[in-house]
Every structure is written in C-alpha cells, then in structure tokens.
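Asker: Sequence:
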Amino acid sequence: MKIENSIETFNSLVKRRGFIWGPSPEIYGGFAGFYSYGPAGMALKNNILELFRQECRYFGFGEVECPTIMPSIVWEASGHLERFIDPVMRCNKCNTLYRADKFLQENLPDLMIDGLSFEEMEKLINKHELTCPKCGNNFQKIEEYNLMLKTSVGNNVTAYLRPETATTTYLLFNRLDQDARRQYPIKIYQFGKAYRNEISPRQGVLRMRSFDQFELQMFISREQEMEFVDYEEVKLNKLPLLDWKMQEKGIDKTNLISLDKAIKDKILKKPAYAFCLYVAHYLIKVLSIPEELIRFRQHSLNERAHYADDAWDLEIKTRQFGWIEICGIHDRTDYDLRRHAEYSKQNFEISMGADPNIKEVPQVLEIAFGIDRIIYTLLETTFNVEEGRIILKLNPNLAPNTVAVFPLVRNKENIRKFALKIHRELLENRIGSFYDAAGSIGKRYRRQDELGTKWCITIDYESLDDNCITLRDRDSMEQIRINISNLSEIIKKKQRE
RNA sequence: GCGCUCGUAGUAUAGUGGUAAUAUGCUGGCUUCCCAAGUCAGCGUCCCGGGUUCAAUUCCCGGCGGGCGCACCA
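So the number in the working numbering is just where the residue sits in the first sequence, counting from 1, plus 1.
Honestly, the hints are just simulated from the structure, not real lab data. Heads up, a few of these hints could be off.
[Claimed, not checked] Straight line, CA to CA, 27 Å or less: simulated DSS-like cross-link-like pairs of lysine-lysine:
no.	residue 1	residue 2
1	K135	K151
2	K151	K194
3	K239	K286
4	K444	K422
5	K94	K194
6	K318	K418
7	K94	K135
8	K494	K394
9	K254	K194
10	K265	K239
11	K394	K318
12	K94	K16
13	K142	K286
14	K135	K236
15	K246	K318
Could you build all of it, start to finish, from the sequences and the hints given here?
Answerer: As structure tokens, then:
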C-alpha cells in the first residue's frame, strides 16, 4: 500500500488498525448506517468518555441512564412523532421519492401547506394535476416516512427506539427534582445509543442509524438563565462565533469574541446559554482538537429543531467532509417539560428560588455531543504522514495504548523476559501498556505510530547491566535513557503534562 | 429513494469466459536488529442470489454494500 498523505491512506488506516469497521455485519454484505468499533476504536472511545465524565463531574453534572425504547406516548409528548414523520410520495413509474409537503410548497407557493392532512395534500395534487417532474407520471398515495425506528413490545404494543437521549432524561424530571433537593440548576447528563432511520445514510460514522450521544442538560429557572454564577467565571473566554446574520450576509469567517461581548451585542441572549457554549468548547479542547478547526455556527430559524428557541452547532473542520456538526447546543426552553407535564398529567411547576410560593416549569439548556463524530474528527485531524511515516498525533491520554514495550531483539531470552517484566509492572501501575516483539524494532515503532501511542520503551543489551531503558517519543522520535526504578512515575507525570 | 459508477487476500490495487496476481500485511525461522533492512518457509481473496454457457470472479438480471450528483438530514 502506498503511503501518502491522502484521505485514502487515512481511510484504510481506520480499518487496518481496528478503529472502525463496517457497515456491519460485513460478512453478510453490510447494513447501511451501522458500524462497529474494533479494539483500538473502542479504547479511544472509552478514553474520551473517561475524560468527559471527569470533566462533567468538575462542572457539577451527574449521570443517568435510561432505556433506549420508550412507548409512543413519550414521543407524542416530545413532539417527535409529529415532527419526525414526513409525508412522502413516490412516482408511479420511476419510483422517485419526494417530500410531499415540500413538493407542494414549491409548486404552490401561495398556499399554506404546513399542517395539511395527507388527504388534503392529495386533493391538492389532483386538483392542480401535479405530476412527477422527472418523468411526468402520477404519484402513488402519500405515505409516511418515519425517522424514528418503530418496534413492538410485549403483546404488540407500539414503541420507538429513542432518536435522542435527551427526552429520556427529561422523563426523570420529578425524580431529579427530589434527588437534587431542589438545588437549581440541576445538571444532568446521559450517554447512550440513539437511533434514527435515515433515508440514505452516508459518510460512514458521521450519519449512522445507531449512534452514541452524550447529552448534558441543565434544568434552570428563568432568573438564573439571566444571572448565572458559573457564567461570571467564564465570561471573558473568547469563542469563534458565526451567527446567522453573518451567514445571511455570506460571511463564513468566525468572529472571535468573548461571551461577555456576545451577550452585550445580543448575539447570545442568555448568560446561562453562553455558559453552555463554553462547556461545549471546553470539552472539545480537552481532547486537544486544534483551535483553528473549531467554530460555533448558529442555526437559522428554519434550521432549528421543533423544541429549540436558539441553537448553535459546535463544528469541526474535516478534510473529507468539510465543517461537520459535533455538538448541538440548544435552548429548549420549557417546551419539553411542559409537554411531558401535559401528557403525563404531572405538575412540573416547582419552586426553584428562595420563595417557595413562586413556581415555574424549569427551562432546559442542552449540550448534545455525537460521540462517533468526535472519534472520526479526532482520527482525521490527528492523522499525519511524515516522510512515509503514518502518525496519529492523538492526545497521549486518548491513545489506545499509553506506552508500548519492546525487547530490542526477541531471540535473546533474557532481554525478552526483562521487557515482559517491565510491561507487567506498567500494567500493575494501571498504565495502558502494550507488548510487542514481532518484526524489526523500526517496524514496531511504526505500528505504534499508526495507533497514536505516544511513548515506546525499548529494552536492549545494556538494559541488562544498567537497568535503564530507552524511551522513544512518537512525534520527535527522540530517545532518552531512563532508569526503570521510577518508570511508572515518569510515564504518569508525562501523561499529566 | 432516483441517476451515474464501483465491489478481487487484513489493506491498496492488476487481471481473466477455463476458479487468479502484485505490493503491503500477517505467522514461523535465521540474522546482537534503535526507526517499514535482508533472507528462508508459510497464510490468505473474486459481495450475495438467479440466468446464459460444457464452463461465470468475468456476460446478463435482481439484491446488498461503497463513492459521486440530486433528494432527504427532526
């Protein structure tokens, strides 16, 4: 295989080194929109999650986990049943699929199409004798295309696989309210699978039908939204913002401004929401994604989801797919809790301040990450080819292996034994060590470069006498000799740097 | 979903109406070997189903999957 700095080299690396495989199940030809993680990919994912969980704790978020399947009523209340089902119609002859409502709106711009029933839309088609623009034939009956995956539970009870984790978190609201002893804002996150029945999934793991979300929620009062303690501490941080007014003018360069200024200039409405942007940015920065590849882009009005009052995407620039959404920050207002209160006949009006008589339904601010997209962008943005050497310049804390241990030669038993001993000691100190004795020493270095392993430890003849090993750095390829007595400590110290 | 195009070892590709190749990879041996060395031995492939044919990985049809364009993307 040719080694060049190309996207083809990158794509084959992802497979070769066991990061991502698919579409799964590969042995049966694959199922579009479903992928698997290999050992390296899963190690990377777990390291990301570990870091995220740590940081969430730092920001005061607690974790919950909910079922991935919920009965219809939940999605009726959340609005997904209404909004995730599109009216579609196909041509009798060429089978081309159209969104019925969009098609009608385009052809009959003076009429109000929104909110019409299927029958009413069909009547309009007949009345105006609309036919397939491609081949001129008539349409079949309007059918529904459901973006949610439907299933049945028990004795034929219709249920849906969740299209987001957020809604399932909101269902716990009254529990969380008690659990948090009404200390608002309540900060909660959930990690887990969500499912979307994409019509035609493309771009590999960027648009899967089964994917992982990591969604943070803040239940907060209207007053706190405007006067938020946490915000005060971070408001001088500058973020690369691209609001929709700029986009309308055709500007695609971001404006690096402080949250404070964004609030003053009314680019952002609420300090608590601004804080959410900060958290999203912080979590991405923790992964060592380069600053210049990150931007926040505000949604235009018609881009927003049904529940959102304001929405910004944290986007990362990729080589293969351009700017892609990694995280959506949504001001969901009290929409979800109000709807669930209504449908479940619960009272979600609670007191959040000092005065127990002032009650309101909390506002919800959401930071929603797509974990698989993070993994893809991390791999792609850290991928480097230098003089025929493939290197993943991953943050050392994220790399599947923290260190790799090699005997310089493998046909000398005492060297091999020494190397294995060091490998075991590292493991005992809970350092992710990987042992490899196969192939030349150079080849073993290259293998680890491809996995993003930051440090390689080599045991040679001298080691037997002086108890020193060679520590080789992934990026500089520099080697230093260090004594084995405090090796684990040195690695741990390097990890913290 | 529509159109175009593609599908050959783990990866990247060549090729063919008579079941296949190159590179790399992988396994084992030799080599005191610090950045993909050499050497010997070995491993592994024609997406699935149907049709045409004496014979199909190759041609035809269908399916599945990938890429691109359109549509879709709450």
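Asker: Would the pair K94 and K135 pass a check requiring their Cα atoms to be no farther apart than 27 Å?
Answerer: 10 Å, holds
Asker: Straight-line Cα separation of K444 and K422 no greater than 27 Å?
Answerer: Roughly 22 Å separates the two Cα atoms, so the pair holds.
Asker: Would the hint linking K142 and K286 be met if the CA-CA limit is 27 Å?
Answerer: Distance of about 50 Å is beyond 27 Å: violated.
Asker: Between K151 and K194, is the straight-line Cα distance small enough, at 27 Å or below?
Answerer: 15 Å, holds
Asker: Keeping to a limit of 27 Å between CA atoms, is the pair of K135 and K151 held or broken?
Answerer: Distance ~32 Å between K135 and K151 Cα, so the pair is violated.
Asker: Run the distance test for K494 versus K394: straight-line Cα separation, threshold 27 Å.
Answerer: 19 Å, holds
Asker: Does K318 lie within 27 Å of K246 when you go C-alpha to C-alpha?
Answerer: 21 Å, holds
Asker: Are K135 and K236 close enough, with their CA atoms no more than 27 Å apart?
Answerer: 54 Å, violated
Asker: For a C-alpha distance cap of 27 Å, please report whether K239 and K286 respect it.
Answerer: Between K239 and K286 the Cα gap is close to 13 Å, so the pair holds against 27 Å.
Asker: Would the pair K94 and K194 pass a check requiring their Cα atoms to be no farther apart than 27 Å?
Answerer: 38 Å, violated
Asker: Between K318 and K418, is the straight-line Cα distance small enough, at 27 Å or below?
Answerer: Distance of about 46 Å is beyond 27 Å: violated.
Asker: Take the C-alpha atoms of K94 and K16, compute the straight-line distance between them, and say whether it is at most 27 Å.
Answerer: Distance ~40 Å between K94 and K16 Cα, so the pair is violated.
Of the hints listed earlier, those the structure fails to meet are numbers 1, 5, 6, 9, 12, 13 and 14, in rising order.
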